[in-house]
Amino acid sequence: MNLKIAVCVKSVPNPDQFSSLSLDPVSKTLIREGIDSVINPADLHAIELAVQLKEQYGAHISLISMGPQQAQKELRMGLAYGPDDAFLVSDREFGGADSLATSYVLAKALEKAGPFDLIILGNESADGATAHVPSQVGIIMGLPNMTDIVGFSLDENGKTRVKKRLQGRYAIYEAELPLVIGVAKDINKVRTAGMRGVLGAKNKPLTVWSVENFEDLDKTRIGLSGSPTQGGEYHTASFGREATELKGSPEEIASELSNIIRPILGRE
Amino acid sequence: MWYMNEEREMLRKMVAEFAENEVRPFVKEMEEKETFPMHLIKRAGELGILGLCFPEELGGVGVDWINLGIAMEEISKVSTCVGLLVMMTAVGSTLSLQFVGTEEQKEKILKPCIRGEQVLAMSLCEPVGSSNTAAYKTKAVLDGDEWVLNGGKIFCTLAGQCEYYGIMALTDEFNPLTMEGATMFLVHKDTPRFKVGHIEKKLAWHGSATGSIYLTDCRVPKTMILGEVNKGLHAFGSTVMQTYAYLAILSLGGAVGAYEEALRYTKERVHIGGKTLFENFQAVRHRLVNMYTEIEACRGLLYGCFEMMQQGKNGVKECMAAKIYAQQVHESVASQAVMLHGGNGLMVDNGIERYFRESKMMAVGGFAVDIIRDQISMLL
Ligand SMILES: Cc1cc2nc3c(=O)[nH]c(=O)nc-3n(C[C@H](O)[C@H](O)[C@H](O)COP(=O)(O)OP(=O)(O)OC[C@H]3O[C@@H](n4cnc5c(N)ncnc54)[C@H](O)[C@@H]3O)c2cc1C
Numbered sequence: 118m119n120l121k122i123a124v125c126v127k128s129v130p131n132p133d134q135f136s137s138l139s140l141d142p143v144s145k146t147l148i149r150e151g152i153d154s155v156i157n158p159a160d161l162h163a164i165e166l167a168v169q170l171k172e173q174y175g176a177h178i179s180l181i182s183m184g185p186q187q188a189q190k191e192l193r194m195g196l197a198y199g200p201d202d203a204f205l206v207s208d209r210e211f212g213g214a215d216s217l218a219t220s221y222v223l224a225k226a227l228e229k230a231g232p233f234d235l236i237i238l239g240n241e242s243a244d245g246a247t248a249h250v251p252s253q254v255g256i257i258m259g260l261p262n263m264t265d266i267v268g269f270s271l272d273e274n275g276k277t278r279v280k281k282r283l284q285g286r287y288a289i290y291e292a293e294l295p296l297v298i299g300v301a302k303d304i305n306k307v308r309t310a311g312m313r314g315v316l317g318a319k320n321k322p323l324t325v326w327s328v329e330n331f332e333d334l335d336k337t338r339i340g341l342s343g344s345p346t347q348g349g350e351y352h353t354a355s356f357g358r359e360a361t362e363l364k365g366s367p368e369e370i371a372s373e374l375s376n377i378i379r380p381i382l383g384r385e
Numbered sequence: 005m006w007y008m009n010e011e012r013e014m015l016r017k018m019v020a021e022f023a024e025n026e027v028r029p030f031v032k033e034m035e036e037k038e039t040f041p042m043h044l045i046k047r048a049g050e051l052g053i054l055g056l057c058f059p060e061e062l063g064g065v066g067v068d069w070i071n072l073g074i075a076m077e078e079i080s081k082v083s084t085c086v087g088l089l090v091m092m093t094a095v096g097s098t099l100s101l102q103f104v105g106t107e108e109q110k111e112k113i114l115k116p117c118i119r120g121e122q123v124l125a126m127s128l129c130e131p132v133g134s135s136n137t138a139a140y141k142t143k144a145v146l147d148g149d150e151w152v153l154n155g156g157k158i159f160c161t162l163a164g165q166c167e168y169y170g171i172m173a174l175t176d177e178f179n180p181l182t183m184e185g186a187t188m189f190l191v192h193k194d195t196p197r198f199k200v201g202h203i204e205k206k207l208a209w210h211g212s213a214t215g216s217i218y219l220t221d222c223r224v225p226k227t228m229i230l231g232e233v234n235k236g237l238h239a240f241g242s243t244v245m246q247t248y249a250y251l252a253i254l255s256l257g258g259a260v261g262a263y264e265e266a267l268r269y270t271k272e273r274v275h276i277g278g279k280t281l282f283e284n285f286q287a288v289r290h291r292l293v294n295m296y297t298e299i300e301a302c303r304g305l306l307y308g309c310f311e312m313m314q315q316g317k318n319g320v321k322e323c324m325a326a327k328i329y330a331q332q333v334h335e336s337v338a339s340q341a342v343m344l345h346g347g348n349g350l351m352v353d354n355g356i357e358r359y360f361r362e363s364k365m366m367a368v369g370g371f372a373v374d375i376i377r378d379q380i381s382m383l384l
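Protein sequences, first through last, are from chains G and H. Going letter by letter, the first sequence gives residues 118 to 385 in the numbering used here. Going letter by letter, the second sequence gives residues 5 to 384 in the numbering used here.
The following block holds chain H by itself, in its conformation from the complex (with noise of 0.2 Å):
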């Protein structure tokens, strides 16, 4: 791989190890129990898993966005759930406190996250539509000092699990062009009359909480706005290459995951002739080849996309169409796979469907791939 060296191989092998010692061997009983598993965000922490994209003074160990590519990738191959989680913590909820947050909010949360003593929700989708942002009901209006918040949200990621919640609320009207008229919101668990609401059972990812929030009246200190006012999605959209590429990299790790399981499984079935499925038939071996370049193709877009970042070019376009594609791949990827081990690729104790269930997830999860396109096509 063009991006390997030395270094990069020392870190993708521990944090390989991270995965295969730490995370695997808990990844059934999180599915199975939907437990969060906030012990292994701390280790994340533990290991500066977190902060392989934040500076040292602010706890990190230095900014390289293909090192976290990689770290994304080993753990994502194990479980994509964990990765959205490890994900949402060292880079997809905390990157715009680095960029446009104050003092005191990387004080109370960006630093305790990189940690990983605290996780940080953004919670922007309502039942009108994520996309809807002028329908929200969720409303802000300014009483001296304080902000009043009302209304709810659905689909936060996190939930109940947080110290604080990013939550956008209208705070004028909103404008589509300028894309102004919104403000993010970081509101304390503890402030009265902020609620966590019914908890999702949803088809995968069973150890990420997602649940709806309601807010009552909730007083948040003018100091907690993220950004400016009226410009909460340009806080969010400071960080939208990042947010994009690094959703599509749980994606390839995810189809190199069921990949790998397939390519051992169909060399070990033993099968007609006492030969193995790979050795048996060709058209085995072709699928495993096409899901290997789908997952080469795929990774030669996203590694291009964070090469972009280390160069500082602009890649909007590029991380949102890898954002697609990486989700396709993983689809195709992980259906292939269950196909390939035959009636134990649809026997839940197997864990091969887990890779499909996940990448129906990526379609949806963090901005439906169909709102990318039409956010892309605006581009064009």
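Isolated chain G, as found in the complex (with noise of 0.2 Å):
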């Protein structure tokens, strides 16, 4: 079995340093000055998947990534994982996409970079975090898809078994190639790249796609102006408690106390 796998990743703000970031009130865009950008974490865990699954039956994996030019550290970072080649549709027309306009410019890069008999990615980024990319590249490429995925195993023929998380229980499904699915963290453990890997991926191929790459690209359905979600107001939360300040003789203070606390546990 000669696999073809896709792995889509994304380049993040370092969850390390999410307490640095801020918000653009006008744009509501991350100030992400001063922050470095990382490999979102769930799509190490599909890279590695990907990987594992090259071990086993043999595989070309490419990286899938839509993102600013500078995403092409985080490729090479995920090239030394063990995947074969990468793929950055880079433009600035697709700025400002929501999650369904990212959907549709990877699934277009799918295509244009594919067939691929199996698409895995991270379940959610840890910046966004929708979820949605999963299920919406499976649909806009009208291919099965399934999403918090904790198991995934391919026999001989093809087959696989895929173990998904459903509110606290698992369902575990057979299902045919080609399927997309979207992974947690908790599938695997990932592997520490070593130095061969390190040192090979820049020698790996490494393409940049405009937009001008795609000759059947719908613009209506890239960047801000395909992107049908705006951002509305936004506060901060406040994790603040509120406290009462009791006051009087330690007696006088602990039957208040008293008083708080009874009805709480259920007791006149």
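Honestly, I wouldn't trust all of these hints.
[Stated by the list, open to error] Using C-beta positions, here's what the derived DEER-type ranges look like:
1. H:Gln315 with G:Leu323: 26 to 36 Å
2. G:Asn330 with H:Glu36: 33 to 43 Å
3. H:Lys193 with G:Lys319: 53 to 63 Å
4. H:Glu36 with G:Glu228: 51 to 61 Å
5. G:Asp201 with H:Pro29: 26 to 36 Å
Worth flagging that the hints you see were computed from the coordinates, not collected in a lab. Virtual Cβ for every residue (Gly too), placed ideally from N, Cα, C.
With the hints as a guide, bring the two chains together.
Below, the structure written as structure tokens:
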């Protein structure tokens, strides 16, 4: 079996630095200055699954990303884990895309780089966290799709067993390829890429596509203007707790406290 | 940093991941139980860290001295002890095999070392003093096709862990001018009457076995001489830049580790008026700046040495100077990190005093810094 696998990866601000992130009040986009970008953590699990399948059956793995030119850095990093080539879809016209416009462009890129037997995405991104993209990509491409996947295996005949998390339980599906899945972090443990992978990554093909590289792109479906989601007002949630100061002698305070606690405990 | 680029940043991240996820969780147990971390050497081999300075035909990943420096720094930030063991295998004892070893020696020893399946000791030091080669008691005489070794060694790093031991023995009267008269033998652990003796208890580096070796009529085939007869110190000398510079990087890593702990602690420790130590006291901030400055000066010297290797230039003096200076920085920064932690710095469970203890090891292990001073003075 020589599979063709695509893994969609997104460059996101480093979650360890989320506390330093802020929002631009006008454009309602993230201010990323001074924040490193990394591969979206769930996508690392998607890459790991692809590499495990490659080790098991042999496969050609392509990484696909939509993002700014700088996302080439994350793609190189992704290639260090073992994939064979990478495609970055990057153009100002794609900027400001919501999850639907993103899924449309990813689907187009997957069609152009494909066809693929298996398309793996991280279940959700650390920054947007909508978890829309895996299903939307599947629907746009007309392929069966499943999300929140925590187990995946394949037999010699190309039959899959897919373990999906369902409200605290699991459902196991048998599905045929081609298939689109969104994987959760629990699916596997991501390896540390070895030095061979790191030093070999620079020699692997990385292709950048702009709008011009797509012949049949529906421009009404891309970028900010192609995004039905419009940001509303936002406010900062307060996680502080309401505090009441109890005054009086220690006995008075104790009795007051008891009056507060007893009803909570269901005692009068 | 002038030497960083995208690829090296990727490499740094990956080694840091190994150091954080696999080395750090093991340090406490290793130090307390004196466990030799062979599984970490194996992992470093699997990940290709041990092959960072060997060509692909030997199982390496291609030679880049700066890459190895970056990797060693990341591991030593977490543990200079594991750093030392990785360093021994990645360059310290194995590199001379690449330069002067035979095909047989490369197959039997070097390749398994690069894969992390074996480690190789280099044992010179004797009770008479490590630099006092002329007085070494370990001698070898030729008998047919074999050399017969008698004598003993002390302070041998990796004692009891190796398949082969590099043992320096006198094969002639030692001439301190030509440095001839001593030969390096590669002795298999199962050689009859080869014995590993007492494993020492040390101030630090409890995961690194340091012990004595006894040799009584040990017969070693002629083919197991490293380099030429009487030129054992030359075989060693061919890697002198690397030996000193990669010992020095352990110190730099140790200093960075201690500095990062101190910076984090002083920014978190809430003190007078609800402000942190860092916010409250200029004395604290300036101390941290001094530590940072020492580290960066050391980094400049040391990565300059790696660049000289990269360019194939002779930088023996610079590498030796780097070993001395890096140890000073290590000790100074680690000592100040203990200071900045107050009482917490002295409590063993917090792991801060370990940085300081390790800095003292660097002053003597891998040649005492005073001996290196003496060697440099001869080149001035
Ligand atoms: C943890 C550890 C691991 C070690 N691992 C190894 C190993 O794997 N292989 C190995 O061969 N050795 C090893 N050594 C030995 C180490 O190289 C020596 O301990 C060190 O070089 C000092 O030699 P010495 O202990 O014999 O001290 P001495 O020679 O007695 O020296 C004592 C002091 O005198 C001064 N001094 C001595 N000689 C000179 C000189 N020529 N010029 C100027 N000053 C001098 C120095 O200040 C020195 O510290 C290890 C040592 C330690 C502590």
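Tested hints:
Between glutamine 315 of chain H and leucine 323 of chain G the Cβ separation comes to about 30 Å, which falls inside the hinted range of 26 to 36 Å. Checked against the hint of 33 to 43 Å, the C-beta distance between asparagine 330 of chain G and glutamate 36 of chain H comes to roughly 59 Å, which is inconsistent with it. A hinted range of 53 to 63 Å for the beta carbons of lysine 193 of chain H and lysine 319 of chain G is inconsistent with their spacing of about 41 Å. For glutamate 36 of chain H and glutamate 228 of chain G, the hinted distance range of 51 to 61 Å is satisfied, since their beta carbons lie about 58 Å from each other.
The beta-carbon spacing between aspartate 201 of chain G and proline 29 of chain H, approximately 33 Å, falls within the hinted interval of 26 to 36 Å.
Taken one by one, the earlier hints fail for this structure at numbers 2, 3, listed in ascending order.
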